[in-house]
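Colleague: This is what each chain is made of:
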Amino acid sequence: MISYEFIHKFSDVIFVGLFFVNNKLLKTMSNSSLPNYLEYKGKYKGIFAWIFSTDHKRIGLLYLYSIMGFFIVGAILGLLMKFELIAPGKTIMEAKSYNAVFTLHGITMIFLIVVPGIPAIFGNFFLPILIGAKDVFYPKLNLLSWWLYIIGAAVAISSQFMNGASPDTGWTFYAPYSFRTQSNVLPALIGAFILGFSSILTGLNFIVTMHRMRAPGMKWLKMPIFPWTLYGTAWIQLLATPVVGITLLMVVAERVLNIGFFDPALGGDPVLYQHLFWIYSHPAVYIMILPAMGIISEVIPTFARKAIFGYKAVVISTLLIAFVGYFVWGHHMFTAGMSGTSLFAFSFLTFLVAIPSAIKIFNWMATLYKGSILLRTPMYWAVSFLFVFMIGGLSGMVLGALSINVHLHDTAFVVSHFHFIVFGGVGFAFFAGIHYWFPKIYGKMYDAAWADTGWIVFFFGFLLLYTPMFYLGIAGMPRRYYDYVPEFHFANILSSFGAFIMIAGLAIIIINLFRSAKRGKKAESNPWAGKTLEWTIGSPPIVENFEEIPEIK
Amino acid sequence: MEETKEHKIVSFKTYIIILFLLISHTALSVFVTQIDLGNLSVIVALSIAALKSLLVFSFFMHLLYDKRMYAFMVAGVLMVMTLVLIITFLDYGF
Amino acid sequence: MYSNLSNFSEGVDDSFVIIFGIIAFFLVALTAVLIYFLIRYREERNPVPTEIEGNVWLEIIWTVIPLGLVLGMFYYGWMAWIPMMQKAPEESIEIKTTAQMWSWKFEYENGKKTDTLYIPKGKPVELLLTSPDVLHSLYIPAFRVKRDVVPGRVTEMWFEANKVGSYDLFCAEYCGLQHSFMTTEVVVMTQEKYDEWYIDTTAAAKIMATPGAAGLQVLRDNGCIACHSLDGSKLVGPSYKGIMGHEVEVITNGKEKTVLVDAEYIKNSIYNPDADLVKGFTKGLMRSYKDELSDEEVEQIIVYLETLSDKEQ
Amino acid sequence: MTENNTHDHYDHEGSKLGMWLFIFTELLFFGGLFIVYAVMRYKNGTAFGLAAEELDVSIGAINTVILLVSSATIAMSISSIQLKKTKLTLILLATTLILAIVFLVNKYFEWGAKIEHGLYPGSESLEQLGHGEVLFFGLYYFMTGLHALHIIIGIIFIAVMMVKVKNGKLNVNRFVQLENAGLYWHLVDVIWIFLFPLFYLIA
Ligand code: HEA
Ligand code: HEA
Ligand code: CUA
Ligand SMILES: [Cu+2]
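Chains as they are written, first to last, in my numbering: chain L, 520 to 1072; chain S, 252 to 345; chain P, 582 to 894; chain U, -11 to 191.
Calculated directly from the structure, the hints in this document are not laboratory data.
It is possible that part of the hints are untrue.
Claimed, not checked - In silico lysine-lysine, DSS-like type, Cα no more than 25 Å apart, as pairs: (1) U/Lys72 <-> S/Lys259; (2) U/Lys31 <-> S/Lys264; (3) L/Lys738 <-> S/Lys318.
What the hints assert, rightly or not - One side of the interface only, derived from the structure: several residues of chain L facing chain U at Cβ under 10 Å: (4) Leu660; (5) Leu663; (6) Trp754; (7) Val762; (8) Phe780; (9) Ser1044.
These numbers were taken from a predicted model, which means no experiment stands behind them.
Even for Gly, the Cβ is constructed at its ideal location relative to N, Cα and C.
Extracted from the complex, chain L is given alone in its bound form (with noise of 0.2 Å):
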């Protein structure tokens, strides 16, 4: 049996160990005459020579080692899910693990992984490079802001080592049961209002970066769509942020000054703190999606072999993403007792924001069409990328039907969407990156059979993970339920073996992509013929990129 306080100290070992296991990793051998980002010795050695590096390239190596162990905890905390909801009644836990365990799985997923992640990682790594630039406008921001991120985790993370219990209102914190709980809130709210001024700068930075440092020639219509996606974001995060920060430091206020602005017993408002959570929440997954597309806009071009089509529509649906994603929060409180007028616009806002969605999918696959389709590692999780995703998005128009949400809130059904579209589409979407940028990053190649292998045990997995949820959701299983009544049973067998098998594929995916970042062979500075300016130059890059800036005809 797993105890409240096995949970802790798994954690914590977890979390510490993978911090140090980047360094050894990276010896490398480079194609230019100047010494490449990973040789390169500054003014710090060892470890230091990456904590305090103000490389661009560096710093996104720094995020995509830090969100990978947040990530191994995350991953096993949904696992640990699963072994639990694989029969009705205590399997592993009791009911209080349970609920501190789906807090903490979200609040890692969400605050420290996908939020942050793809534009932590490849956008700091690749932004630059894409646009003909040496860094980003503000270095010492950047790394400001990787800082913050640690300390931001550490701080939320400290949340299950303090005297008390850990946190157990779902990663919503909804009022008034996040002031009446026990359990330490306070510094899960703290961290994340942290997380959010990191978010918060790498947004201004990257804006900034791209008005002012493209290289000369490259006009805003020029720009690779993968920049252009991260743009989008970023303004996401300058402009939903702050709102999301304020509402947290509100809740600390009320906790500890008893000012009642969401506890009904002070006369506040907890559909108020609804609202104000989901004006940044809703926005953020976008912040999630958007950037997720850009790789992908990124890989189907490439192995395709053509241009990508409509770039001016891919370009424009990006932009209006970002904009109409601000006012569809509501879709998320449907039965919190909202007016009829909100619920109507909130219904019809989200069956709007469908449509650029539906744009670029649409646009992928006029790509496709009369291409020379090279099938490798990063074009299967794209493609599969573009299938989850669908099944993720429709659902999410099933859930904006405003009768419809009413039976299928709060229920697995929810967690289903979710899940395709957020672990599909962004995960599915970084394992893509990963594969397809992984010999620049480190110069290496990777096994490409064990890749294969790697993604289609995971695909499949995953499709059994989730799929029998959806069928739970409409049969009526309310999410965040530690216990099921009997007729839930068989799916949620089905789905706990979906689990297991995609970790599997999970393990292989990983290890192959450790074992080839110390051994692979030597890569080629352009292995798929890629048009973009990161494949003009060595795998490894050099400390500034480019030898002299490109000029873009």
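Use these hints to put chains S, P and U with the ligands onto chain L, whose structure you have.
Modeller: Relative to the frame of chain L, chains S, P and U with the ligands by itself:
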């Protein structure tokens, strides 16, 4: 990208005039809200505040003299903010 | 998905089927095209790609057609929802419903209280939902209805059951430790059976005969059992078994002391739960029942607790 | 750091853009509070009106004027640095600084008086009033407190600028930091322009 463009130097006189306008509007809003206008006083006070901030934005913060882009950005951000406020109020006022 | 168990289920199921049909069509069609392209245009079969920059007409077509479709979906979703939003019909039975950590309490027009929802078939029922503590949500999957219970407000919901039977009733909004145990049932009866049940007080009278039965009823009606077990197992609060006459360690004003559980102590524990905090339990979970339980009811509880003392077993 | 010395280059527009973006986040930060204020006022209209009478309009008005003047002086300091009048720049900045401090002192006395009357979060006399009043004062302390925090940051910002002007780091060719300080200070001003009517005037 080196920026060599000349910056416009705003004269002290302009600033003083704006300051004068700002202070007189403050006085006006205090005055108007002292007489009882009911709900209207909320609207008047906030309109005056909006006018004042418009002055600050365009003169003190140089939106009138800088690149157009900044003015557009500010307008866009304020628009998002207002829309969010209005949409929130669909749940309360209607 | 069709069940037709309540007046709403048909509308909801219809719009589900329509929307599901559209999205399933898109999913299948697009996936088929995707796979076709991957095979037809793979490198071996089509070594030279044809560069196509874009096509404005296509873009317009695949913006406008989905736009029409999503508006259609919106319309169907919305139409089926209109009756739910409307006020309950005049002739509805009104039931005051309290959702509390972690139990349900239903109070009928004649003052009858239950922890299971009993309703007649074919008659509209209106629930007036309140919560003394945190958010909950009343969810009856079979009826396709759900409504959040927001502390500080009275929210209303209504429905009409079509078929006799008993159905699950869940709490769908996360409300803390025992959230997943905050479940009960809706029992739908024929009008005649319901009327019989409604005026019947004999069932209660029968239990009343045994000592302490009234007390047990009070505990049930007020959801105490959700946190306190009767058989010695530890839930959120201390078990009632053998509680009377025992010594417990409590924390009063930050200091530990040992007290003997007597009637006075029990009463104080119910009215000011945080005053003497039992060691090993969490503060703030149990709220004060000062406004809800009369002295008389507390007396009845005490009588009942006496019957649970160890000696008798 | 040595590895990025190329980025020491001077990009006036870029820095200014960065500052503006930061200002946008600040606007949204207070925007969230304004939403809460608006909703709470909508729900507790009369209580808010009554509570607002407790606040002293004249102190508020004086503070408004102080901030407006300080905004003008810092704006002028930017013109004067472009005219190479270092001394005048310093004088104008010092004026801004002093006005900012006067604002804080005023605020200190205002809060002090309120607290003496027992009107602070969690106080007994406040608890006796209705939820509406408690909320009003809660918001009042929270929002003006956050604003005061911005003033303090502004004071530090301006003080640093003075030092830099003094030793010539900021001059006719490079003054974007001063401009940014100005932008920040105007933002603080704009927020106050709204706080003033919301708390003091609409009674
Ligand atoms: C990456 C994150 C992400 C993304 C991109 C989305 C995208 C969408 N989401 Fe999702 N959502 C979440 C993450 C995300 N969501 C999370 C985390 C939650 C739960 C939060 C919680 O409560 O814990 C949630 C919950 C959630 C709800 C609330 C459910 C509830 O609690 O009751 C709703 C309701 O409307 C919804 C709708 C949508 C819609 C309409 C889209 C649209 O943007 C989807 C658009 C995409 C498509 C439509 C598919 C592609 C298009 C085609 C294949 C073309 C053909 C299509 C048509 C003609 C329609 N989401
Ligand atoms: C990114 C988001 C993400 C991811 C990846 C996952 C991964 C998993 N999740 Fe989920 N989950 C959430 C976000 C996520 N989850 C959220 C927000 C909730 C709601 C919490 C709440 O209710 O408050 C939730 C809730 C939730 C529940 C419901 C709890 C309940 O309501 O009772 C369950 C149940 O089984 C579950 C299972 C799993 C499992 C088995 C995995 C894992 O085992 C899968 C393992 C992962 C992989 C095999 C690889 C995935 C790879 C990536 C994502 C790439 C990473 C990206 C970068 C590094 C950029 N999760
Ligand atoms: Cu009550 Cu969940
Ligand atoms: Cu959403």
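Colleague: State for each hint whether it applies.
Modeller: Going through the hints against the structure:
At roughly 14 Å between alpha-carbon atoms, U/Lys72 and S/Lys259 fall within 25 Å of each other, so this suggested pair holds. Taken as a hint, the U/Lys31 and S/Lys264 pair is broken in the structure, with Cα atoms around 45 Å apart against an allowance of 25 Å. Restraint check for L/Lys738 and S/Lys318: the C-alpha separation of about 18 Å stays at or below 25 Å, so the hint holds. Taken as an interface hint, L/Leu660 checks out: its beta carbon lies about 9 Å from the nearest beta carbon of chain U, inside 10 Å.
Proximity of L/Leu663 to chain U is violated relative to the hint, the smallest CB-CB distance being about 12 Å (cut-off 10 Å). With a least beta-carbon distance of about 9 Å to chain U, the hint placing L/Trp754 at the interface is held under the 10 Å criterion. The interface hint given for L/Val762 is met, as the beta carbon of that residue sits about 4 Å from the closest beta carbon of chain U, less than 10 Å. A hinted interface residue such as L/Phe780 counts as satisfied when its beta carbon comes closer than 10 Å to some beta carbon of chain U; here the least separation is about 6 Å, so the hint holds.
The interface hint given for L/Ser1044 is violated, since its Cβ lies 22 Å from the closest Cβ of chain U, which is over the 10 Å cut-off.
Hint violations for this structure: numbers 2, 5, 9, all remaining hints satisfied.
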